[in-house]
Amino acid sequence: MYAKEFTIQNRTGLHARPASDFVALAATFKSKIELSRAGEADRYNGKSIIMLLTLGLMQGERATLSAEGEDEREAVEALLALTAGFVD
Amino acid sequence: MKLTGKPVSRGIVLGRVLKYRPFVPSVSDAPISTEDVEAAWARYDKTVELARQELDRLEARLLADSPDKAKIVAAHREILQDPAMDEEIRGLIGARTPPDAAIERVYGSFIELLGRSKNEMMRERASDLVDVKNRLLRCWAGEPERNLARLEQPVIVVADDLYPSDTVSMDRSKVLGIITQVGGATSHTAIIARSYEIPAVLGVPGALAALEDGAEIVLDAVKGEIVLCPTGEECAAYAAAAEQVRENLRETAAYLDAEPVTLDGVRAEVRLNVAAANDFELSGAAHADGCGLFRTEFLYLEGDRLPGEEEQYQIYKRVLLAFGEKPVVLRTLDVGGDKQLACLELPHESNPFLGVRGLRLCLAHEALLRTQVRAALRASVHGSLRVMLPMVGALDEVRAAKAIFREEGEALSAAGIPWNPSMPVGIMVEVPSIALIADLAADEVDFVSVGTNDLCQYLTASDRMNPSVKPYHQDYHPAMFRALGYIARSFQAAGKPVSVCGELGGDPLAIPALLGLGIQKLSMSRASLAGAKRVIRSIRMEDAQALAQRVQSLKTEGEIKACLTEFARAHKSAAPG
Chain A
1 MYAKEFTIQN RTGLHARPAS DFVALAATFK SKIELSRAGE ADRYNGKSII MLLTLGLMQG
61 ERATLSAEGE DEREAVEALL ALTAGFVD
Chain B
1 MKLTGKPVSR GIVLGRVLKY RPFVPSVSDA PISTEDVEAA WARYDKTVEL ARQELDRLEA
61 RLLADSPDKA KIVAAHREIL QDPAMDEEIR GLIGARTPPD AAIERVYGSF IELLGRSKNE
121 MMRERASDLV DVKNRLLRCW AGEPERNLAR LEQPVIVVAD DLYPSDTVSM DRSKVLGIIT
181 QVGGATSHTA IIARSYEIPA VLGVPGALAA LEDGAEIVLD AVKGEIVLCP TGEECAAYAA
241 AAEQVRENLR ETAAYLDAEP VTLDGVRAEV RLNVAAANDF ELSGAAHADG CGLFRTEFLY
301 LEGDRLPGEE EQYQIYKRVL LAFGEKPVVL RTLDVGGDKQ LACLELPHES NPFLGVRGLR
361 LCLAHEALLR TQVRAALRAS VHGSLRVMLP MVGALDEVRA AKAIFREEGE ALSAAGIPWN
421 PSMPVGIMVE VPSIALIADL AADEVDFVSV GTNDLCQYLT ASDRMNPSVK PYHQDYHPAM
481 FRALGYIARS FQAAGKPVSV CGELGGDPLA IPALLGLGIQ KLSMSRASLA GAKRVIRSIR
541 MEDAQALAQR VQSLKTEGEI KACLTEFARA HKSAAPG
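Protein chains in written order, with UniProt numbering: chain A, 1 to 88; chain B, 1 to 577.
You may find that some hints are simply not true.
As the list claims (entries may be wrong) - What the simulated footprint calls covered on chain A by chain B, stretch by stretch (three residues with Cβ under 8 Å from a Cβ of chain B suffice, anywhere in the stretch; the number is not a length):
1) 16 to 24
2) 47 to 59
To be verified - Quick partial rundown of chain B residues pointing at chain A, CB under 7 Å, derived from the structure:
3) 78
4) 108
5) 110
6) 121
7) 123
Claimed, not checked - If you want the ones that stay clear, here's a sample from chain B, every Cβ over 10 Å from chain A, calculated:
8) 49
9) 82
10) 87
11) 125
12) 250
13) 295
14) 305
15) 399
16) 471
17) 540
Read the hints as simulated data drawn from the structure, not as lab findings. Don't be surprised by glycine CBs; every beta carbon is placed ideally from N, CA and C.
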């Protein structure tokens, strides 16, 4: 497993269009991808728009992104690069 | 037998009833046997596939003329293929839950979860989930999709209510008329019916129970009556009346491209109100003397994020190019009041119409205004653009806004980006405090346009959304005509343009009085253009001036209405009936 912590930078948070883009990219990897809010045990399926909306990460929140599988490292790095690039 | 309701879009039609009832799902609850689980999974997969194919077809159809709606469809497909929900549904089926019950339960739990959210965007997603769930359950039941997109023959649609998803895909060429059990003159259905000129009577309780599918009825959307099982005689009488209404509409339609000149040679200006900037609206540019009100709210209301500068610039440019050299009056964002933004969380106000709306909101969220101003200034080189500020109450607000225009203009110049430094900046008059100092305002702004709907609401202190104060919300209140007269005189004295862009501007009854008051620029929706030109071409300016004098001396709305009606009758200027 490969995991990294990050902070949500954009104003909208992980909702709406940013969430859709996240899910679309996550789906391109073979690894199992999960997100959890910092300090919480619940893990959310990173390939599910519904789970991301339910998780509802807002601007300024810290979260852990983890992946498990053959392309786990690429998946985490690519998704973090995507979230860092969200601007609104 | 007759039913009655509120006529919201004029016309009389004879036709057959088509009851439009969206699918109501019912799910089974008896557990399935263990040996049936495999088959149930397979049937669930097939159901998802069917639903996906429907969405693909719907998207393909929408892509061409409403890409925004196509985006909604794409979002629905994303939900349909969500791996987390799919996994849960499969798990339940594995535990012997019938697939339809599994769909209901899994979707239901997320609908409840998202529906409880404080975040408006998430609540909206809950309604998308409801939509997708219903589609799945309908596909499960093997029911065909029910919508108004493919109609075999012309029909009068009868429904409890129509939703935007229904009217968007509606085959307008086959819908003769619309009857709904709920709804009033300002409802979504009413606006759609009027803009497509489909006769409609709304607010008819019991219509679904009283009307049989395929029954022949008369829909009289002049009087607001529905006649069931009309006799041959009644049919003939209505057919004649319908013919007269159609004849009148045809006569009026012939004025669409006429020049709006009075009998004594005064050239008025008839302009178009634009609210969505889609092809249908912009095609009206050819028949109008410009755009008197370009509402920009749609840019902010539809999306889930604030529109960027480039996105706005492209749309403004598109509108300016559609109007060529004709003027386009762009109104800066006017939200607050009854219009809330999904992409901007605003504090709750107990009295929003008297709260932070229009320019007040833009000044409170200055970055938002600056983005819009930059986009507008950049677009100003592509046509004859003017910018108008809504909900102005005092001149310091105007000065604050103009400072922003100056600063953004200088910043563009510094960056070497072209813009038009002589672009006029004007104001809307809706707030009585600015109406009463119209003479002072005329010193500081380049033009004025009166928003009569809001001006009436604030002058008469009656909420235009509240049906119980309808008798107090008097569009023809003497104070309205006095205020309009004062504003017109003040701006004329300063040699600056004055126009009306509210409902009154397109009202055939009011137009002669407006012209007489000196307001010769009128802006209205596409459906009102021809009627307005017809009125203008059938009157003399000196008669209009005498009418305006008389109206300003009358004491009640009733007296004014009678006076305007009498004038219209005598000059055959407004359509009868």
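These are the hints, each one checked on the structure:
no., hint, result
1, 16 to 24, "holds (count 4)"
2, 47 to 59, "holds (count 8)"
3, 78, "5 Å, holds"
4, 108, "13 Å, violated"
5, 110, "5 Å, holds"
6, 121, "6 Å, holds"
7, 123, "11 Å, violated"
8, 49, "18 Å, holds"
9, 82, "5 Å, violated"
10, 87, "8 Å, violated"
11, 125, "6 Å, violated"
12, 250, "47 Å, holds"
13, 295, "23 Å, holds"
14, 305, "5 Å, violated"
15, 399, "30 Å, holds"
16, 471, "43 Å, holds"
17, 540, "56 Å, holds"
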